[in-house]
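Visitor: Residue-level listing of the chains:
Protein chains: 2
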Amino acid sequence: MQLKSLRLLVAVADTGSFGAAAKRLHTVQSNVTTHIKKLEEELGVQLIHRAGRVRPTSAGLALVEYAERMLSAHDEAVSLFKGQEKACGRLRIGAMETTTALRLPPILAAYHAAQPDVDIQIKTGPTAELVELLLNGQVDCVFVAGRLEHGRYHSLKAFSEQLVLVGSTPMTKMPSSQALLTSAFLAFRQGCSYRQRIELLLASQGVNAGRIFEFGSLDAMLGCVAAGMGYTVLPRGTVDAHQHRFGIHTLALPASIANIDTYFVAPEPETWTPALASFAETLRDAVVVNEPQLTAS
Amino acid sequence: MQLKSLRLLVAVADTGSFGAAAKRLHTVQSNVTTHIKKLEEELGVQLIHRAGRVRPTSAGLALVEYAERMLSAHDEAVSLFKGQEKACGRLRIGAMETTTALRLPPILAAYHAAQPDVDIQIKTGPTAELVELLLNGQVDCVFVAGRLEHGRYHSLKAFSEQLVLVGSTPMTKMPSSQALLTSAFLAFRQGCSYRQRIELLLASQGVNAGRIFEFGSLDAMLGCVAAGMGYTVLPRGTVDAHQHRFGIHTLALPASIANIDTYFVAPEPETWTPALASFAETLRDAVVVNEPQLTAS
DNA sequence: CGCTACTATCTTGTTTATAGATAACCTGAC
DNA sequence: GTCAGGTTATCTATAAACAAGATAGTAGCG
Numbered sequence: 001m002q003l004k005s006l007r008l009l010v011a012v013a014d015t016g017s018f019g020a021a022a023k024r025l026h027t028v029q030s031n032v033t034t035h036i037k038k039l040e041e042e043l044g045v046q047l048i049h050r051a052g053r054v055r056p057t058s059a060g061l062a063l064v065e066y067a068e069r070m071l072s073a074h075d076e077a078v079s080l081f082k083g084q085e086k087a088c089g090r091l092r093i094g095a096m097e098t099t100t101a102l103r104l105p106p107i108l109a110a111y112h113a114a115q116p117d118v119d120i121q122i123k124t125g126p127t128a129e130l131v132e133l134l135l136n137g138q139v140d141c142v143f144v145a146g147r148l149e150h151g152r153y154h155s156l157k158a159f160s161e162q163l164v165l166v167g168s169t170p171m172t173k174m175p176s177s178q179a180l181l182t183s184a185f186l187a188f189r190q191g192c193s194y195r196q197r198i199e200l201l202l203a204s205q206g207v208n209a210g211r212i213f214e215f216g217s218l219d220a221m222l223g224c225v226a227a228g229m230g231y232t233v234l235p236r237g238t239v240d241a242h243q244h245r246f247g248i249h250t251l252a253l254p255a256s257i258a259n260i261d262t263y264f265v266a267p268e269p270e271t272w273t274p275a276l277a278s279f280a281e282t283l284r285d286a287v288v289v290n291e292p293q294l295t296a297s
Numbered sequence: 001m002q003l004k005s006l007r008l009l010v011a012v013a014d015t016g017s018f019g020a021a022a023k024r025l026h027t028v029q030s031n032v033t034t035h036i037k038k039l040e041e042e043l044g045v046q047l048i049h050r051a052g053r054v055r056p057t058s059a060g061l062a063l064v065e066y067a068e069r070m071l072s073a074h075d076e077a078v079s080l081f082k083g084q085e086k087a088c089g090r091l092r093i094g095a096m097e098t099t100t101a102l103r104l105p106p107i108l109a110a111y112h113a114a115q116p117d118v119d120i121q122i123k124t125g126p127t128a129e130l131v132e133l134l135l136n137g138q139v140d141c142v143f144v145a146g147r148l149e150h151g152r153y154h155s156l157k158a159f160s161e162q163l164v165l166v167g168s169t170p171m172t173k174m175p176s177s178q179a180l181l182t183s184a185f186l187a188f189r190q191g192c193s194y195r196q197r198i199e200l201l202l203a204s205q206g207v208n209a210g211r212i213f214e215f216g217s218l219d220a221m222l223g224c225v226a227a228g229m230g231y232t233v234l235p236r237g238t239v240d241a242h243q244h245r246f247g248i249h250t251l252a253l254p255a256s257i258a259n260i261d262t263y264f265v266a267p268e269p270e271t272w273t274p275a276l277a278s279f280a281e282t283l284r285d286a287v288v289v290n291e292p293q294l295t296a297s
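Chains as they are written, first to last, in the working numbering: chain C, 1 to 297; chain V, 1 to 297.
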């Protein structure tokens, strides 16, 4: 049973004529006869009344109903890839908590305005988890800290973040090793790339193993920092956006520790649905506006 | 885009290997490659990651979802016609009010027991309307009074009915012409074949145009007869079944007027779905039990 | 570095699809 | 009844597509 044959069957049922059906599907009448006959032989049932007016038999009518379901699914699938201008379908994005909170909203807003027919799904998590999701095909693209080494993926430097030390009291210089040792550090759960920077920072201050508490959400973490529970390390933009809600203070870190880039990573462009391709384009435009020097690989 | 290709795509996504997909669908690996490649060319998107583990790209995953919808619709459609033993789908039956009330229940019960997966739909109406429904393909088969002359239909004598005169008082002989003239006659709406018999009866008694009231339901009609509103003509079996509910009395009519056969009429057997073929068989069995001499044409 | 398992490509023979020409058919009108 | 108009079925030659096997190329693993 071929979709072509079913389309002809539906056309015959619609038009009430083999010739008209042929014309509608840009073929000739003899082919319509052949296709219908083949369907009938395959199913062992007469599908079309030929004597007198041409019209579907009750068996034909029943098949037409299924044919319409199949054909509409087919047409919808084709429009996923060949939709003119307007993409549709689904876009699954993975991103870090901080990226989702600070960077994504304006981009998603612009994308949704351009492609209103795409369902957007966001999953948040630390970098290591996101990479896993991407490799397993559970998301279509991710925003992660650091370029993905894996060769067969497309990376685009999306955002440059500057990490700052966040504490509950004003700071003018790095806290002493003693202070760092006795304080706790607050970080996202295992796999968060910012957490590695905390460890780098502690090492640079000659402190080897501070206590690290794990948090799942940004709000909880900042709340605890404000309450004097300890320090954390976050992108400056993220802290600035929340500063009015919490009594927190920041201290710039040395560039080697502070500078960290967020990359947009997705499989090779050849595998992109129009929905994803359009998102990458939206992102590239947004990045160019904010930061003219961009790097793709 | 062919169903065959989609089935291969699903198999590749399932098994994670072109070779295994080929084996599952009884073909060779090179054909799988060709089909997938053709799909990819047609849609302009890579559907399967080949490097490393073979697995669908996000575009491929999206297509697989639609492919599964199309294939399940296809398989369901095929099972409509090629279902082993158990028919499925829908069976639309048209029948007269009296047939539906008296004759159909045991047959439908037997049929439903044999084919529990078939949805049964009953439409009731007078013979003329039922024939119209059948000719328009709005029902799959009908039970009507009298054989359908139309050559391209299959007829089977299903039930023999004996019409009786029904009134509110005991009768031992035909009411006088005078009584008939002053009484009303109650019948189903235009197109009912029993109604023609009423007119025949009146004509045979030398009465040309009695008043005839039209009713839509059997219960209403019998209730009005019992209330002394007038006479009606119905199959004996139907009246017997309702006699305990109404105070009504019957009188046998001359055979030429009384005997009327109910026929099962459907399009040619070549156009039958398994659901309809199985129903015809159930009916034939039931008819043979009740009345060994049956006539098919 | 070679082994293993896999996919891509090429080739061959066969099958199937297409379009056109023609025959057979039904229907309605005269 | 017969004829005209429109419709479907059949046939045929050409072109396209397909299936299977053999072979070449490639990635991953020890």
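Since the hints were made in silico from the structure, they are not lab data. Just so we're clear, the structure is a prediction, and the values are computed from it rather than from any experiment. Don't take every hint at face value.
Intra- or inter-copy, both count: the list cannot distinguish identical chains.
[As the list claims (entries may be wrong)] DMTMM-like, lysine to aspartate or glutamate: derived pairs with alpha carbons at most 25 Å apart: (1) Lys86 x Glu40; (2) Lys82 x Glu68; (3) Lys86 x Asp117; (4) Lys82 x Glu199; (5) Lys4 x Glu42; (6) Lys37 x Glu270; (7) Lys123 x Glu40; (8) Lys173 x Asp240; (9) Lys4 x Glu129; (10) Lys123 x Asp75; (11) Lys157 x Asp240; (12) Lys38 x Glu214; (13) Lys82 x Glu129; (14) Lys4 x Glu41; (15) Lys38 x Glu65; (16) Lys23 x Glu68; (17) Lys4 x Glu65; (18) Lys4 x Asp75; (19) Lys173 x Glu42; (20) Lys82 x Glu281; (21) Lys82 x Asp117; (22) Lys123 x Glu270; (23) Lys38 x Glu85; (24) Lys123 x Asp285; (25) Lys82 x Glu41; (26) Lys157 x Glu65; (27) Lys37 x Glu76; (28) Lys86 x Asp240.
Visitor: Are the hints correct? Go through all of them and say.
Guide: Consistency of the hints with the structure:
1. Lys86 x Glu40: between (39 Å within a copy, 20 Å between copies)
2. Lys82 x Glu68: Intra 20 Å, inter 19 Å, cutoff 25 Å: intra and inter.
3. Lys86 x Asp117: Within one copy, since 7 Å is at most 25 Å while 42 Å is not.
4. Lys82 x Glu199: neither (48 Å within a copy, 67 Å between copies)
5. Lys4 x Glu42: both (15 Å within a copy, 15 Å between copies)
6. Lys37 x Glu270: For lysine 37 and glutamate 270, the Cα distance is within 25 Å only across copies (13 Å; inside one copy 40 Å).
7. Lys123 x Glu40: neither (49 Å within a copy, 28 Å between copies)
8. Lys173 x Asp240: Intra 19 Å, inter 106 Å, cutoff 25 Å: intra-copy only.
9. Lys4 x Glu129: neither (44 Å within a copy, 37 Å between copies)
10. Lys123 x Asp75: neither (29 Å within a copy, 35 Å between copies)
11. Lys157 x Asp240: Result: close within a single copy only, 22 Å intra versus 88 Å inter.
12. Lys38 x Glu214: neither (66 Å within a copy, 49 Å between copies)
13. Lys82 x Glu129: Neither. Shortest intra-copy (32 Å) and inter-copy (48 Å) distances fail the 25 Å Cα cut-off.
14. Lys4 x Glu41: both (16 Å within a copy, 19 Å between copies)
15. Lys38 x Glu65: within (18 Å within a copy, 28 Å between copies)
16. Lys23 x Glu68: Within. Shortest intra-copy distance 19 Å satisfies the 25 Å Cα cut-off; inter-copy 31 Å does not.
17. Lys4 x Glu65: Result: close both inside a copy and across copies, 15 Å intra and 21 Å inter.
18. Lys4 x Asp75: Classified as both; 12 Å inside a copy, 16 Å across copies.
19. Lys173 x Glu42: Classified as neither; 83 Å inside a copy, 62 Å across copies.
20. Lys82 x Glu281: Within one copy only: 17 Å inside a chain, 50 Å across chains, cut-off 25 Å.
21. Lys82 x Asp117: Within. Shortest intra-copy distance 14 Å satisfies the 25 Å Cα cut-off; inter-copy 39 Å does not.
22. Lys123 x Glu270: within (23 Å within a copy, 56 Å between copies)
23. Lys38 x Glu85: between (38 Å within a copy, 23 Å between copies)
24. Lys123 x Asp285: Intra 23 Å, inter 63 Å, cutoff 25 Å: intra-copy only.
25. Lys82 x Glu41: between (34 Å within a copy, 12 Å between copies)
26. Lys157 x Glu65: neither (50 Å within a copy, 32 Å between copies)
27. Lys37 x Glu76: between (28 Å within a copy, 20 Å between copies)
28. Lys86 x Asp240: For lysine 86 and aspartate 240, the Cα distance exceeds 25 Å both inside one copy (36 Å) and across copies (69 Å).
Violation of the numbered hints given earlier is confined to hints 4, 7, 9, 10, 12, 13, 19, 26, 28; the remaining hints are satisfied by the structure.
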